[in-house]
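Number of protein chains: 2
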Amino acid sequence: MQANRVASLFGVQYPIVQGGMVWCSGWRLASAVSNAGGLGLVGAGSMKFDVFQHHVRRCKEATKKPFGVNVPLSRDMAQYMEFILEEKVPIVFTSAGSPKLWTQKLQSHGIKVVHVVPSCKLALKCEAAGVNAVVAEGFEAGGHNGLEEITTMALIPQVRKALAPEIPLLAAGGIASGEAMLAAMALGAEGVQIGTRFAVTQESSAAEEFKKRCTVAGEGDTYLTLKQYMPTRVMLNDYGKEARRLSESGATKAQLEEFRGKGRTKKGMFDGDVMNGELEIGQIVSACKDVPTAAEVVERIVKEFRTRNEQLAAMNL
Amino acid sequence: MQANRVASLFGVQYPIVQGGMVWCSGWRLASAVSNAGGLGLVGAGSMKFDVFQHHVRRCKEATKKPFGVNVPLSRDMAQYMEFILEEKVPIVFTSAGSPKLWTQKLQSHGIKVVHVVPSCKLALKCEAAGVNAVVAEGFEAGGHNGLEEITTMALIPQVRKALAPEIPLLAAGGIASGEAMLAAMALGAEGVQIGTRFAVTQESSAAEEFKKRCTVAGEGDTYLTLKQYMPTRVMLNDYGKEARRLSESGATKAQLEEFRGKGRTKKGMFDGDVMNGELEIGQIVSACKDVPTAAEVVERIVKEFRTRNEQLAAMNL
Chain A
4 MQANRVASLF
14 GVQYPIVQGG
24 MVWCSGWRLA
34 SAVSNAGGLG
44 LVGAGSMKFD
54 VFQHHVRRCK
64 EATKKPFGVN
74 VPLSRDMAQY
84 MEFILEEKVP
94 IVFTSAGSPK
104 LWTQKLQSHG
114 IKVVHVVPSC
124 KLALKCEAAG
134 VNAVVAEGFE
144 AGGHNGLEEI
154 TTMALIPQVR
164 KALAPEIPLL
174 AAGGIASGEA
184 MLAAMALGAE
194 GVQIGTRFAV
204 TQESSAAEEF
214 KKRCTVAGEG
224 DTYLTLKQYM
234 PTRVMLNDYG
244 KEARRLSESG
254 ATKAQLEEFR
264 GKGRTKKGMF
274 DGDVMNGELE
284 IGQIVSACKD
294 VPTAAEVVER
304 IVKEFRTRNE
314 QLAAMNL
Chain B
4 MQANRVASLF
14 GVQYPIVQGG
24 MVWCSGWRLA
34 SAVSNAGGLG
44 LVGAGSMKFD
54 VFQHHVRRCK
64 EATKKPFGVN
74 VPLSRDMAQY
84 MEFILEEKVP
94 IVFTSAGSPK
104 LWTQKLQSHG
114 IKVVHVVPSC
124 KLALKCEAAG
134 VNAVVAEGFE
144 AGGHNGLEEI
154 TTMALIPQVR
164 KALAPEIPLL
174 AAGGIASGEA
184 MLAAMALGAE
194 GVQIGTRFAV
204 TQESSAAEEF
214 KKRCTVAGEG
224 DTYLTLKQYM
234 PTRVMLNDYG
244 KEARRLSESG
254 ATKAQLEEFR
264 GKGRTKKGMF
274 DGDVMNGELE
284 IGQIVSACKD
294 VPTAAEVVER
304 IVKEFRTRNE
314 QLAAMNL
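Those sequence lines, one after another, are chains A and B. Residue numbers for the first sequence follow this note's numbering, so the first one is 4 and each next one is one higher. Residue numbers for the second sequence follow this note's numbering, so the first one is 4 and each next one is one higher.
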């Protein structure tokens, strides 16, 4: 049996990484995933600096296992990065910006750096920046997404082929089960990053109203919209439907920015206004019908993975 | 080793079905796929009735193995169906219409009927209509597609769960390799339907100019557009870019219908005007870098499937 390079890189039992999602990924979720044998991430995206400091420190107290943080690079995160260095956070996932910005500095302090991309083109930029691993995220993923709309099924084999063999690849987008994790590995990934399924867990810091809305989502209840502004997959609640209507009737970037306004994701995901807030969530939400603990999610995925892997081996052509 | 239900249903060696694509799927391609151990389909969608008669008869001469036809139900296909009954074509794939229309009549003549759907909702209509198998086709597939934009990764496990266990499920969309076929089976499919990879083969009846354009396609070169009229994944050539621009600037269904005009797919895919014609093709085209024979495609897929399946078994968690 081969060692899994993603699990080895992070020093965890399973190559299952929790997405660092806005309004969901506080210290409770991150530490629960790490304690269950995966890699939990504190998501800086929705956290003011003092909130982020609090969550990183509480996460350290709540788990003795490796954990990481997710830092979007779409704004200046220097203060956050300095704190990450001081606190010796062992793993940093970056996204939504250039992997050149922080990778070398973080690595010079012994930190592992992983960057999230939606295309081969950007995966190659990660390789040039010297990241420790790449996450390729498909069109079905929740939240911000790529302009090319490449799905996980099409994206993973092509990124695997484009990237140097020594760089481990994780798959994200549409993965909420062990069967899907196995599919991702069939496509060439060595680990998975899972957002939606962990957003809908007991330890997720999202509003209970949002989690409940997720458990009753049907197929087609999410949509990639706001494309002229910043492609984002959201639930088609009143807000999402209006976003879609505006986007498809030729609204400009400025008009969409104004419509989206400030605090729309907090309103929906944290305050629980599930009609008028922005609910960022992936397509696979329609398969998430309960609100288990994060540990239950990890256990299910591992069990499903093993069972299906045995079935596949038996159905060789 | 378990028998594969899709291969058993069709009486073929491998559960690999060639998509019945407009302008690509004549008798040469269908018979070549069937002769290679898969299931070839003559695609009626772009064929006038006399052309269809010719291709079915030639296909029968060119292979002693099972083959089928694909009949879109978006227009009145009674004449085609009568001919299929006369000629005793053993397998009929239907799409783009109600599976209630023809399933029972065809089955009463001993014909196996499979229907293609983009959602669980329509898969359940297939079950109610009594089809022999269902193809679930994801957002990444070429040509006509579902309004819900559900990707193969998200769609297959959910359709598998929704459908009665006795109905075999095939996956389509984003599948052009043995690794992807294995991924589809990890997700719960028992067979695959492959369009794009077979469109770009020597036996495909598409224009050589179209095949050549496919081999140089990059990521993001296809797009699901014409959503207000009929969601269709096309190459972003001059035609595709204009279709996208119109669709995203609020064009009405009537305006898009007029823009698309008549004969646009023939112009591109058959006549070879790769700038101004409509080139229907899937996302995975960017992974198809050559024009092999259909038999080479089948051989590669089977070999890749076996190799990756062995690797997966060795990397059990």
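Hints may contain errors.
One copy or two, it doesn't matter: identical chains are merged, so the pair holds either way.
[Stated by the list, open to error] Calculated pairs, BS3-like style, for lysine-lysine (alpha carbon to alpha carbon, straight line, at most 27 Å):
hint : residue 1 : residue 2
1    : Lys164    : Lys51
2    : Lys63     : Lys128
3    : Lys256    : Lys230
4    : Lys230    : Lys67
5    : Lys164    : Lys63
6    : Lys91     : Lys164
7    : Lys265    : Lys68
8    : Lys256    : Lys244
9    : Lys67     : Lys269
10   : Lys51     : Lys68
11   : Lys91     : Lys68
12   : Lys103    : Lys244
13   : Lys244    : Lys230
14   : Lys51     : Lys63
15   : Lys124    : Lys244
16   : Lys68     : Lys128
17   : Lys230    : Lys108
18   : Lys108    : Lys265
19   : Lys103    : Lys124
20   : Lys103    : Lys215
21   : Lys67     : Lys164
22   : Lys124    : Lys292
Because the hints were derived from the structure by calculation, they are not lab data. These figures come from a predicted structure and were not determined experimentally.
Consistency of the hints with the structure:
| no. | hint | in the structure |
| --- | --- | --- |
| 1 | Lys164 with Lys51 | neither (38 Å within a copy, 41 Å between copies) |
| 2 | Lys63 with Lys128 | neither (31 Å within a copy, 51 Å between copies) |
| 3 | Lys256 with Lys230 | both (9 Å within a copy, 21 Å between copies) |
| 4 | Lys230 with Lys67 | neither (41 Å within a copy, 50 Å between copies) |
| 5 | Lys164 with Lys63 | neither (37 Å within a copy, 39 Å between copies) |
| 6 | Lys91 with Lys164 | neither (33 Å within a copy, 44 Å between copies) |
| 7 | Lys265 with Lys68 | neither (36 Å within a copy, 63 Å between copies) |
| 8 | Lys256 with Lys244 | both (17 Å within a copy, 19 Å between copies) |
| 9 | Lys67 with Lys269 | neither (30 Å within a copy, 63 Å between copies) |
| 10 | Lys51 with Lys68 | within (25 Å within a copy, 66 Å between copies) |
| 11 | Lys91 with Lys68 | within (13 Å within a copy, 65 Å between copies) |
| 12 | Lys103 with Lys244 | neither (37 Å within a copy, 32 Å between copies) |
| 13 | Lys244 with Lys230 | both (14 Å within a copy, 15 Å between copies) |
| 14 | Lys51 with Lys63 | within (19 Å within a copy, 69 Å between copies) |
| 15 | Lys124 with Lys244 | between (31 Å within a copy, 21 Å between copies) |
| 16 | Lys68 with Lys128 | neither (30 Å within a copy, 49 Å between copies) |
| 17 | Lys230 with Lys108 | neither (33 Å within a copy, 45 Å between copies) |
| 18 | Lys108 with Lys265 | neither (32 Å within a copy, 58 Å between copies) |
| 19 | Lys103 with Lys124 | within (14 Å within a copy, 45 Å between copies) |
| 20 | Lys103 with Lys215 | neither (39 Å within a copy, 36 Å between copies) |
| 21 | Lys67 with Lys164 | neither (36 Å within a copy, 38 Å between copies) |
| 22 | Lys124 with Lys292 | between (36 Å within a copy, 17 Å between copies) |
Taken one by one, the earlier hints fail for this structure at numbers 1, 2, 4, 5, 6, 7, 9, 12, 16, 17, 18, 20, 21, listed in ascending order.
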